Amino acid sequence: MLELTTYYKAYGEPSASPFCVKAMCLLRLSGQDWRVNYYNDPRKSPKGKLPVLNDNGTLIPDSDAIRDHLERKYDVDFDAGLNAEQRATSRAIIRMSEEHIYFAAVCNRWLNDENWANVRQVLFRKVPKIIRGVVSARVRVGVRKAMYAQGMGRHTAAEQFIRADKDISAIQTLLGNKPFLFGDRPTAADVSVVPMLRAIVGSSAKTALHERVVGDAVLMAYLERGKDAMYPP
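Each residue of the sequence shown is one higher than the last, beginning at 1 in the working numbering.
Don't read these hints as lab results, they were simulated from the structure.
Keep in mind that a hint or two might mislead.
Beta-carbon label-pair distances, calculated as ranges [said to hold, decoys possible]:
1) Ala80 / Asn177: 16 to 24 Å
2) Asp77 / Ala208: 34 to 42 Å
3) Asp68 / Thr89: 18 to 26 Å
4) Lys206 / Glu71: 34 to 42 Å
Every value quoted in this text rests on a predicted model; they were computed, and no experiment measured them.
The beta carbon of each residue, even a glycine, is placed where N, CA and C say it ideally should be.
Make the full structure from the sequences, and use the hints.
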């Protein structure tokens, strides 16, 4: 049986990481039998990150590589029915979601002082209380440095919101009045977008980014449909 190692559940999601949730969605849609292994220390994983899929002793790190593996080995096409132009659009949407919205979401979760007390309590609950403050502060410093190096952390919270808002508007335009981004059933783009936006929704503080998603009834209905159709039961 396939085994997926992910971060623990948090914020009403089956994992604290939208990439781990994405991998779960891929596995559900693939039709394969699988189980989850929760773990909070990724340092010994092949790339120092989660998720990691174990397929009979072969380790596949990274959600995108997991998709490739499932499509190649188990003859799954997560974009079945899409033409070449739609597949290209799907790839662009995935990259926008995972390489831009994601970093705005990270800043919103980790670097927003309104969110931090809750983040420390929720994401570090497995750390002994006596060292929780030191460990969480050290990790937050690392996140801040990473976000500055990536670029999103160089912008103010207001500037980050403006950038993410344009991406979310693009997703809304593509969605239109369809159930999913490319029609009546979820495809690979939905597998990336839904967990990413739901991670923003799970934010405890009512930041501008949180309210941007929560305040749109059409978008929230889409996220609920995505959860029903793709998330592990």
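Consistency of beta-carbon spacing, Thr89 to Asp68, with hint 18 to 26 Å: Check passed, 19 Å falls within 18 to 26 Å.
16 to 24 Å as the expected CB spacing between Asn177 and Ala80, which holds or is violated: Once the Cβ atoms are compared, 22 Å apart, the range 16 to 24 Å for Asn177 and Ala80 holds.
Cβ separation of Lys206 and Glu71, checked against the hinted range 34 to 42 Å: 39 Å, holds
Cβ distance range 34 to 42 Å for Asp77 and Ala208, holds or violated: 38 Å, holds
The earlier numbered hints are all upheld by this structure, with none contradicted.
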